[in-house]
Every structure is written in structure tokens, then in C-alpha cells.
Amino acid sequence: MAELNPDAPMPEKGLVVRGLRMAFGDTVVQHDLSFYVAPANIFVIMGVSGCGKSTLLRHIIDLQRSDVGDICFDGQRLINDDPAERAMLQSRIGVLFQSTALWSSMTVGENVALPMQLHTQLRPPEIRDQVAFKLALVGLAGQESKMPSELSGGMQKRAGLARAIALDPDYLFLDEPSAGLDPITSQRLDALIMRLRDALGVSVIAVSHELPSIFTIADDSIYLDNESKTAIAHGNPRELVENTPEPRVRAFLKREPIDEPARESA
Amino acid sequence: MSGDGALYRLDAADGECVVCLAGDWGRAERLPSAAGIHRDMGQPQAVVIDGSDLASGHPRVAAFVHALHHELDAAGVSVTERALPQNVDALVALASPPPAAVRQTQRKPRFLASLGARFQNQVRISQDAAALVGQALARTPALVTGRAQTRWRDFVDLVRETGAASLPVVTVVNLLIGAVLGFIGAVQLATFGAGMYLADLVGIASAREMAAIMTAFIMAGRIGATFAAHLATMESNEEIDALRMIGVSPFEFLALPRLAALTLMMPLLYLYGTALAIVGGMVVAHIVLGTPPIAFIERLQDAVAFRQFVIGLIKSVAFGILIALTSCYIGLHAGRNAAEVGRAATRTVVVCIIGIISIDAVAALCTNALGI
Ligand SMILES: Nc1ncnc2c1ncn2[C@@H]1O[C@H](COP(=O)(O)OP(=O)(O)O)[C@@H](O)[C@H]1O
Ligand SMILES: [Mg+2]
Numbered sequence: 001m002a003e004l005n006p007d008a009p010m011p012e013k014g015l016v017v018r019g020l021r022m023a024f025g026d027t028v029v030q031h032d033l034s035f036y037v038a039p040a041n042i043f044v045i046m047g048v049s050g051c052g053k054s055t056l057l058r059h060i061i062d063l064q065r066s067d068v069g070d071i072c073f074d075g076q077r078l079i080n081d082d083p084a085e086r087a088m089l090q091s092r093i094g095v096l097f098q099s100t101a102l103w104s105s106m107t108v109g110e111n112v113a114l115p116m117q118l119h120t121q122l123r124p125p126e127i128r129d130q131v132a133f134k135l136a137l138v139g140l141a142g143q144e145s146k147m148p149s150e151l152s153g154g155m156q157k158r159a160g161l162a163r164a165i166a167l168d169p170d171y172l173f174l175d176e177p178s179a180g181l182d183p184i185t186s187q188r189l190d191a192l193i194m195r196l197r198d199a200l201g202v203s204v205i206a207v208s209h210e211l212p213s214i215f216t217i218a219d220d221s222i223y224l225d226n227e228s229k230t231a232i233a234h235g236n237p238r239e240l241v242e243n244t245p246e247p248r249v250r251a252f253l254k255r256e257p258i259d260e261p262a263r264e265s266a
Numbered sequence: 001m002s003g004d005g006a007l008y009r010l011d012a013a014d015g016e017c018v019v020c021l022a023g024d025w026g027r028a029e030r031l032p033s034a035a036g037i038h039r040d041m042g043q044p045q046a047v048v049i050d051g052s053d054l055a056s057g058h059p060r061v062a063a064f065v066h067a068l069h070h071e072l073d074a075a076g077v078s079v080t081e082r083a084l085p086q087n088v089d090a091l092v093a094l095a096s097p098p099p100a101a102v103r104q105t106q107r108k109p110r111f112l113a114s115l116g117a118r119f120q121n122q123v124r125i126s127q128d129a130a131a132l133v134g135q136a137l138a139r140t141p142a143l144v145t146g147r148a149q150t151r152w153r154d155f156v157d158l159v160r161e162t163g164a165a166s167l168p169v170v171t172v173v174n175l176l177i178g179a180v181l182g183f184i185g186a187v188q189l190a191t192f193g194a195g196m197y198l199a200d201l202v203g204i205a206s207a208r209e210m211a212a213i214m215t216a217f218i219m220a221g222r223i224g225a226t227f228a229a230h231l232a233t234m235e236s237n238e239e240i241d242a243l244r245m246i247g248v249s250p251f252e253f254l255a256l257p258r259l260a261a262l263t264l265m266m267p268l269l270y271l272y273g274t275a276l277a278i279v280g281g282m283v284v285a286h287i288v289l290g291t292p293p294i295a296f297i298e299r300l301q302d303a304v305a306f307r308q309f310v311i312g313l314i315k316s317v318a319f320g321i322l323i324a325l326t327s328c329y330i331g332l333h334a335g336r337n338a339a340e341v342g343r344a345a346t347r348t349v350v351v352c353i354i355g356i357i358s359i360d361a362v363a364a365l366c367t368n369a370l371g372i
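For the record, the sequence lines run as chains A and F.
Residue numbers for the first sequence follow the UniProt record's numbering, so the first one is 1 and each next one is one higher.
Residue numbers for the second sequence follow the UniProt record's numbering, so the first one is 1 and each next one is one higher.
A few of these clues could be false.
[Said to hold, decoys possible] Covered by chain F, according to a simulated footprint, are these stretches of chain A (three or more residues, beta-carbon under 8 Å):
#, stretch
1, 82-90
2, 95-107
3, 111-125
4, 130-138
5, 189-201
[Stated by the list, open to error] Between beta-carbon pairs, the in silico distance windows are:
#, chain 1, residue 1, chain 2, residue 2, range
6, A, E256, F, G76, 24 to 34 Å
7, F, R39, A, P11, 41 to 51 Å
8, F, I353, A, Q121, 46 to 56 Å
9, F, D157, A, S152, 51 to 61 Å
10, A, Q121, F, S96, 25 to 35 Å
Honestly, the hints are just simulated from the structure, not real lab data.
Bear in mind the structure is a predicted one, so any value in this text is a computation, not a measurement.
For each residue, glycine too, the CB sits at the ideal point set by N, CA and C.
Please work from the sequences and hints to get the whole structure.
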């Protein structure tokens with residue numbers, strides 16, 4: 001259940017977002033966002049492009065800050081100025097950015113290895129084993145020495161995912177992971193995401209547009225509305241598609257035309 | 001045999017080796033490596049990986065099983081798994097390469113092996129094989145590098161980019177500047193019959209001002225713009241965000257090596273530029289005034305005091321710091337879109353040129369006040 005009672009005590013486990021308002025200057029992107037991601041759940045953020053999904057991810061992982069609202073991981077704020085605690089939390093978070101963000105001057109293998117070099121005591125041969133495995137998991141076995149620019153878009157996405165899971169994180173943030181992937185690779189990716197959730201109890205927060213993928217993996221979801229600038233639907237998408245009263249959510253989930261009264265253009 | 005905080009145990013009997021995995025791999029600081037274990041187990045015919053003593057099905061276990069499988073498959077040893085946690089089994093299955101990838105990983109050892117055989121047989125190495133070796137060496141993943149080493153290698157690349165790669169343009173510009181100074185001086189001094197002082201003019205002007213400034217302008221345009229555009233591109237690709245997310249300071253990781261490289265290379269390029277400017281002036285003195293190079297150099301030794309070079313050197317270090325900090329700052333603070341990349345490069349060049357001239361003017365005031 002994604003909805004959150006504002007008076008309930010902060011859960012000890014899981015990710016809590018409460019009353020978040022996001023804005024660029026005076027332009028509000030979304031406001032009054034409250035939701036809860038339970039441990040080992042796959043939570044999907046849905047919405048049309050430009051509604052603020054990436055911005056929401058950036059707020060949760062503290063790349064952007066808001067004055068209004070709270071974000072807590074396992075009862076702890078990431079916005080925390082103690083460097084040691086911050087590093088500890090950061091090592092529990094993996095991120096696949098929308099533009100992949102592979103470090104272009106390093107090989108794919110080095111991209112996956114760098115987080116381990118920084119955050120673990122592992123020695124080079126062990127890191128090499130881990131890197132080979134992470135790349136094999138995303139179907140890029142043996143591609144360590146390629147430069148990111150030598151990979152296709154879909155392969156870059158998968159390499160970015162391998163880097164995101166380098167530290168076996170507790171929270172995995174995926175910004176449109178299957179955009180640009182063929183259906184088969186996309187299915188493998190869905191299987192991998194669910195596998196990781198089962199194996200490590202990782203909580204996945206994913207932005208996605210791909211309906212088949214959403215219906216396969218999501219335990220829970222939120223729909224960010226572009227017009228009212230807030231979330232207008234919460235819950236499991238398989239249930240939402242049957243019983244949401246919101247025409248725009250139904251249109252999104254069923255790909256059906258919006259049958260609401262035509263609005264007059266100003 | 002056991003090791004690494006009892007994360008595994010090797011039991012060997014009758015050519016069969018059982019690798020018993022144990023303990024909590026998720027919390028362990030150190031892990032066994034597949035290559036290390038393969039060395040320790042000698043030459044078994046069959047290997048069993050047993051997971052019954054594991055405390056958890058952490059993905060690190062799966063990574064190890066995967067790596068050991070690869071290692072032993074390559075050596076032709078049969079491997080079976082026993083009592084692995086279900087998650088580990090599932091992850092290992094997921095990581096098992098699809099056919100295309102299998103072909104890819106098999107090709108590499110075969111290539112290396114054939115290369116080794118060629119060396120052994122003393123067969124002439126064909127040119128394209130040499131090229132392949134070169135490529136392989138250049139691209140061999142430095143997975144083994146620690147964080148400091150990564151930056152060390154970045155630094156070496158940057159030194160090459162700022163130093164060696166800048167030589168041609170620094171050469172041309174300083175030679176010509178020296179020649180231009182030579183022409184102006186020759187014509188003007190000759191009207192007073194003071195042509196012998198041309199060496200003073202060219203020497204002092206290049207050592208104290210022109211070589212440092214012209215080299216700095218070149219570096220602002222060549223390197224400052226490149227740094228700014230590169231960092232701005234990284235920013236727009238979210239690469240800088242990705243660094244922040246793993247707790248790396250973008251300044252330390254990206255700006256410091258650039259700063260070090262430029263601060264080191266600028267004075268060297270300045271000295272090189274001064275030498276070339278003087279050569280340019282000397283050639284012109286020979287052509288226009290008929291001064292023999294030996295006479296020009298003797299005059300130069302008397303005329304140009306050591307402090308002129310010191311002033312030029314200090315300024316060139318300051319210019320290097322200015323260019324590095326300006327370009328990194330502008331690059332790291334560019335907006336997150338493609339148009340910002342070009343804008344960052346242009347802005348860097350403009351700011352650097354103004355900064356270079358300002359530093360030079362302040363230096364002129366100071367040296368004047370100090371009477372040096
Ligand atoms: N740096 C920025 N400055 C101003 N507005 C921005 C910036 N980044 C994004 N926006 C705006 O915020 C809104 C949400 O963007 P984003 O979160 O990227 O959408 P999406 O849901 O497609 O991921 C968009 O309308 C976009 O124009
Ligand atoms: Mg987005």
C-alpha cells in the first residue's frame with residue numbers, strides 16, 4: 001500500500017517520502033507527494049514525460065533538495081551532514097541514471113569496479129570476479145575492456161545497471177531502465193530485477209513507461225499527474241488498471257483515449 | 001585448508017575437490033578469489049561446490065561461484081554444485097552467458113594462446129598482430145587499479161594531453177612571435193645604429209612577457225576549452241551525479257589532476273616557448289642585420305638576467321593555475337544540457353584571456369614597484 005498516514009510513526013524499515021514539494025525556482029513540478037516503499041518491494045513511478053519522475057528520483061537520492069517534505073531511509077535522513085554516515089548510506093544505494101551516466105573515460109569494467117574500490121576492502125582479484133559476475137548478470141559477459149562509447153544504447157543501459165548493483169545495494173533506483181531495450185532483453189532485465197529483490201531483499205524504485213514491464217514487476221506504484229501536479233493514484237498497477245476512477249491513469253495503463261469532457265483551450 | 005575468516009574450506013580426496021562455502025559473505029571484508037582457490041586446489045579432476053554451511057544467499061556468493069565455474073571450465077575441470085541457496089542458484093543461472101557471449105569469451109584465450117605459440121615458434125610477427133597486441137595492451141582493463149591509481153593514470157593522460165600534444169602549436173606561435181619581435185626591433189634599432197641591442201630586446205621581451213603570455217593564450221584555447229567542454233559533457237550526462245552518488249568529490253577526482261597537470265606543464269612549455277622565440281629573433285637578426293648567431297647568443301648572455309626567466313616562470317605557473325581552475329569551475333557548473341557545453345568552452349576562453357592579461361598587468365605593476 002503506497003498511501004501513508006501522515007500521523008503514523010516513521011517505519012523502521014523502508015523508504016518514506018512525506019509531503020514532498022519539488023520546484024525549479026517558482027515553477028512547481030510536483031507537490032504533496034507522500035508514499036512508502038516497503039523493504040524488498042518493487043515500486044514504480046509512472047507518469048507522462050515531463051511530469052517530474054526523474055526530478056523525484058533526484059530528490060530521493062539527495063542530488064536535489066527541497067525545503068518542503070521529508071525523505072527517510074530506514075528511519076534515517078539521507079540529507080545528513082556527517083560524512084561517515086552519508087558514505088554508509090550512499091553505499092547502500094545504487095542508481096541507474098536516465099542518461100546512463102557511465103564514466104566515459106573509463107572502460108565498462110572500471111565503471112563497475114570503481115564503487116567497490118571506494119566502498120569495500122576487496123582486493124583486485126576479488127573485484128575482478130565481482131565485476132565479471134555483475135556484467136554476466138546483465139548479459140554483458142566478457143565486455144569489461146570495452147569503452148562505454150563502443151556499446152549500443154541498450155548495452156549502455158545494462159552496463160549502467162551492472163554499476164548500480166556493484167555494491168549489492170539495499171535500495172536500487174532505476175530511471176527508465178528498459179527504455180531503448182528490445183523485448184527479450186527487457187524481459188531478462190525484469191527477471192533480473194525480481195531476482196535481485198529476492199536474493200538481496202533490495203527495494204527497487206523504478207521509473208518506467210513500459211506497460212508489460214510495469215505489470216510484471218511492480219508490487220506498488222504511484223502515478224504523478226502533470227495537470228494537478230501531484231500523485232493521483234497509488235497502488236498495485238494490476239489493481240489500478242481495473243478500478244482507478246482517474247481517466248488519465250486509465251488512459252496511461254490501458255493505452256485508451258481519455259474520455260473526459262474536452263476542455264476549452266485558452 | 002581454510003581461509004578468509006572461514007568463508008570456505010577445501011577438502012580434497014581421490015582427484016575430487018570439494019569447496020565448502022561457509023559463513024556470511026555479505027559482511028565479510030575480504031573474499032576468496034576464484035583464481036586464488038583454483039591455485040590452492042592443485043589439479044583435481046572434478047570439483048564440487050557445496051553451499052550447505054552458508055549463512056546467507058548473498059549475491060557475492062553467486063559472483064564467486066560464477067567466477068570459479070569460468071576458471072575451472074577453462075581448465076577443463078568438471079564442476080558440480082550442491083546445496084547452494086536457491087537465490088544463488090537462480091542468480092548463477094541468470095548470469096550464465098547466452099550463446100553469443102560464450103563465443104566471445106572463448107575467443108580471447110584462443111587468441112592469446114595462438115599469439116604465445118607464434119612467439120615460441122619464432123614466427124615472424126605480422127604487422128597487424130603487433131597492432132592487435134598494442135591495442136590489447138592499451139585497453140587491458142586496469143581493474144586492478146585502486147582509486148589513487150585511477151587518478152594517477154588520468155594524470156599521466158592529462159600530462160600528455162596538455163604537454164606533448166601542445167608542442168606543435170606552441171612551437172609555431174613562439175617561433176613566429178620571436179621573429180616578429182626581431183623584425184620590429186631590427187628596423188627600429190637599426191635607424192639609431194643600435195642593431196647590436198636586438199638580442200636584448202628579443203630576449204627580455206620573450207623571457208619576461210611574450211612566451212609566457214602567448215603560451216598561456218594557446219593553452220586557454222586548446223586545453224581550457226577542452227577541459228570545460230569535457231566536464232560540462234560529463235555534467236549533462238549525469239556522470240558527475242553518478243560520482244557524487246558513490247561519494248567521490250568531483251573536484252578531487254576531476255579537477256585536481258587537471259590542476260596538477262597544467263601547473264606542471266605550463267612552466268615547461270614556457271621555457272620551451274622562450275627558447276623558440278629567441279631562435280626566431282636570432283634567425284631574423286641574421287637575415288636582416290647580418291648578426292651571426294654566435295654574436296647574438298653572446299649578447300643575449302650579457303643582456304638577459306636570470307631574474308627575467310624567474311619572472312616569466314612564476315607568471316606561467318600562475319597562468320596554469322588560472323586556466324585549470326577556471327575551466328574546471330565553469331565545466332562543473334555548466335547546466336545540464338548540450339548547449340551549455342559549447343557555452344562553457346567559450347566562456348572559459350574569454351575568462352582566461354581576461355584573467356591572463358590582468359595577472360600580467362598586476363605582475364608588471366609589482367615588478368615595477370620592486371624595481372626588478
Ligand atoms: N534543471 C532544470 N531547470 C528547470 N526545469 C527543469 C530542470 N530539469 C527539469 N525541469 C523541468 O521539470 C519537469 C520534470 O522533469 P523530469 O523530472 O525530467 O521529467 P520526467 O518525468 O520526464 O523524468 C519538466 O517540466 C522539466 O522541464
Ligand atoms: Mg525522466
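Hint-by-hint comparison with the structure:
1. Coverage of the stretch 82-90 of chain A by chain F holds in this model, with 3 residues showing a Cβ closer than 8 Å to a Cβ of that chain against a need of three.
2. Given a C-beta distance limit of less than 8 Å, the hint that chain F covers the stretch 95-107 of chain A holds, as 12 residues qualify and 3 suffice.
3. Residues of the stretch 111-125 of chain A lying with their CB closer than 8 Å to a CB of chain F number 12, which satisfies the three-residue condition for coverage.
4. Only residues whose beta carbon comes within less than 8 Å of a beta carbon in chain F count, and the stretch 130-138 of chain A has 7; three or more means the coverage holds.
5. With a threshold of 8 Å between beta carbons, the proposed coverage of the stretch 189-201 of chain A by chain F holds, since 7 of its residues qualify and at least three are required.
6. Separation of E256/A from G76/F is about 58 Å and departs from the stated range, judged on CB atoms against 24 to 34 Å.
7. A hinted range of 41 to 51 Å holds for the C-beta pair R39/F and P11/A, which are about 48 Å apart.
8. Checking the proposed 46 to 56 Å range against I353/F and Q121/A shows it holds: the Cβ atoms sit about 48 Å from each other.
9. Roughly 26 Å separates the CB atoms of D157/F and S152/A, a value that falls outside the hinted 51 to 61 Å.
10. Distance hint check for Q121/A and S96/F: the Cβ-Cβ separation is about 29 Å, which falls inside the suggested range of 25 to 35 Å.
The earlier numbered hints that this structure contradicts are 6 and 9.
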